[in-house]
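Engineer: Which chain is which? The protein sequence lines are A and B, in order.
According to the working numbering, the first sequence is numbered sequentially starting from 1.
According to the working numbering, the second sequence is numbered sequentially starting from 1001.
Any given hint might turn out to be false.
[Unchecked claim] Distance windows between CB atoms, simulated:
1) B/I1012 with A/E112: 58 to 64 Å
2) B/N1228 with A/K62: 46 to 52 Å
3) B/K1185 with A/G72: 29 to 35 Å
4) B/L1298 with A/D237: 24 to 30 Å
5) B/P1145 with A/Q236: 28 to 34 Å
6) B/E1073 with A/E90: 49 to 55 Å
7) B/Q1086 with A/D237: 16 to 22 Å
8) A/Y35 with B/V1024: 23 to 29 Å
9) B/V1275 with A/K62: 54 to 60 Å
10) A/G87 with B/L1195: 55 to 61 Å
11) A/Q236 with B/P1207: 32 to 38 Å
None of these hints come from the bench; they were simulated from the model.
All C-beta atoms in this analysis are idealised placements derived from N, C-alpha and C, irrespective of residue type, glycine included.
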Amino acid sequence: MTYQEDEIRNMNRREFINRSIKASLTIAGLASVGYVFYRNNPPEILTAPRQNISLSDYSISKAGKKIAIARGTKRSDTLTKAIGALGGIEAYIQKDDIVLIKVNGAFATPPELGATSHPELVQTLISLCLKAGAREVRVSDNPINDPESCFRLSGLEQATRNSGGRLFLPGKSSFSPITLSNGKLIKNWPFLWTPMKNVTKLIGVAPLKDHHRSGASMTMKNWYGLLGGRRNIFHQDIHTIIEELALLIKPTFVVLDATVTMMTNGPTGGSLDDLKPTGLMIVSTDQVAADAYGAELLGKPLLPFIRNALKAGVGTADYKSLNPIMT
Amino acid sequence: MRYETTISIAIILLLLCLSGILLVKQSHYDKTLFTVPTQTRTMTIPEKLEIPQEEISFPQETETGLLSIPVKEISPMGEMETFGPQTLSDKIDGKADLYLEEGFVRLYCRRFSLAGNPSLWFECYLYDMGNPRNAFVVYSNQRRPNSRTSSLAPFSYESDNAVYFIQGKYYMEIVSGKSDTAMKKAIQTVAQSILKRPLDTVQVSLPEITYFPAKSLVQGSYKLYAHNAFGYDQFSNVMTAVYKLDKKEITLFIILQSNEEKAKKTAEGYHAFMVEYGGESWDVSNQNLPGLYGGDLLGDYDLVFSRGKVVAGVHGAKDKDTALKMASELYKYIGSQIQ
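Make the full structure from the sequences, and use the hints.
Structural biologist: Here it is, written out as structure tokens:
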């Protein structure tokens, strides 16, 4: 006779009930722990697909090509005024939209140096989008070097948090290959895909800066931050890569922040002497027009990438033909 | 009974082991693979981005002390980062070319904050440019127009939020986002601390400077162009300086050649280049300056001549008289220096 058989044979009724209750309580306890940890809405897995992806057209055809220029030094006011002049945020963002704001978060520098999108501007834009009914407003960029520091020190992380947006930092699984049809440079190149998944509206927000290689860093150059891989090889053909990015990406609208302009030593700057107060906020549905206006402010009206984008039919470099609304 | 007990303990240990594995695995998952529900407003930050090994550069043992600042008022915000020619653009994006074209070797960066106040921070950028002249090229070409010459080092200047200087083969920037007094003081202290150390004992040699007259010279306006100065591919190692005459600024330049013949050919070559690329020859034969050539480039006037091994001239002047006057003074001054 085994030990268990002997014990069962000698067990009385009371002991049997006691043991049954203890066993039941143990099982119920374990089940309760499982219930506490159970989630019926698990996080969505955002692995970028390995096959080539294609981008939607995020522009709003009925909005047409427009440009508004607001004067002032307070970014929250000038942005609101400029968007208002283009018909208001509701003309572009509808209920349940998922919006991606592509900022310039390329450097781990403070906002005062003007090398990155200004947090006040981003915070205002997120708030406007959420107020218009957007389900979610995402903020992202691929700075390559230590994205966490770039977003934290530029103030963009805090701005996103404060306004109820969601920050997407690039990781190793965030990129999918993309190809621009008839493109020369963008062929099976890693593209920051995870923050763009299910996005219905895309807004580019860039500061106006001098750029050592391209002449200027504005709204079209801002898309460069969506590329992954060893993208610095494109610096050898910078005007073509900017043109191709502008062909690839059709935003809802772009914001060019010229509240202060980095006139020299761009794109990093580093000295407050590199900056000039210009007190302007440009919002446009035509990225070429916005850049053409910005280039004039920098005193560089004939930049090759603007000419290329014009020639490729991305938009118009004659921003005056859009009858800019000055506010 | 002993047999059953042993089996039970083994099963319990196995379960504990599995729990441990699950715990470790779950706490190291790739957070970038997941979104977080909006209502939590939590950011998805990866613990650490994995960069391919070949793209990471680690400081050599001898380099680790370069940005150690033994100043009690300053706290480092992290470890020193280093970037080589392949990764420089990861840090400074499109500005990398400026350094790469001038012999860049390595960039060392580190952030510091004022002790007890992490919101007041600044970053040190130390560029190893291979040799002192390369360091001077990147230093002089980025000099901010409204900056002030600093007493920190022979070649140094400061703006409201930063200081810039060279020491030997190193070009250094210490940059903050604020321009308040405490920050300025901290930046100066750090610069002095770094300059106390002999980072590089070989100091920059700029013999061209001796050929520029001192009168009317704008302090700190020297610039050295290593290649293709003024768009001319034969103009290498060109030193320029700005002069102020009657509120007008004018740029003079000096190039040192290995012999007189080469200097003469360089001056003639620049004149030919001006005429070939859209300029018009400006007849200056009546100026009594042997070997002087002039060019009118759509209203910008250039003059070039050689004297001994020195090629010199005026670049981009807005009026002819000032250009001729300065060329004459430069000609005489060079003559006095080469005696």
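Engineer: Please write out, lowest number first, the hints stated earlier that are contradicted by the structure.
Structural biologist: none
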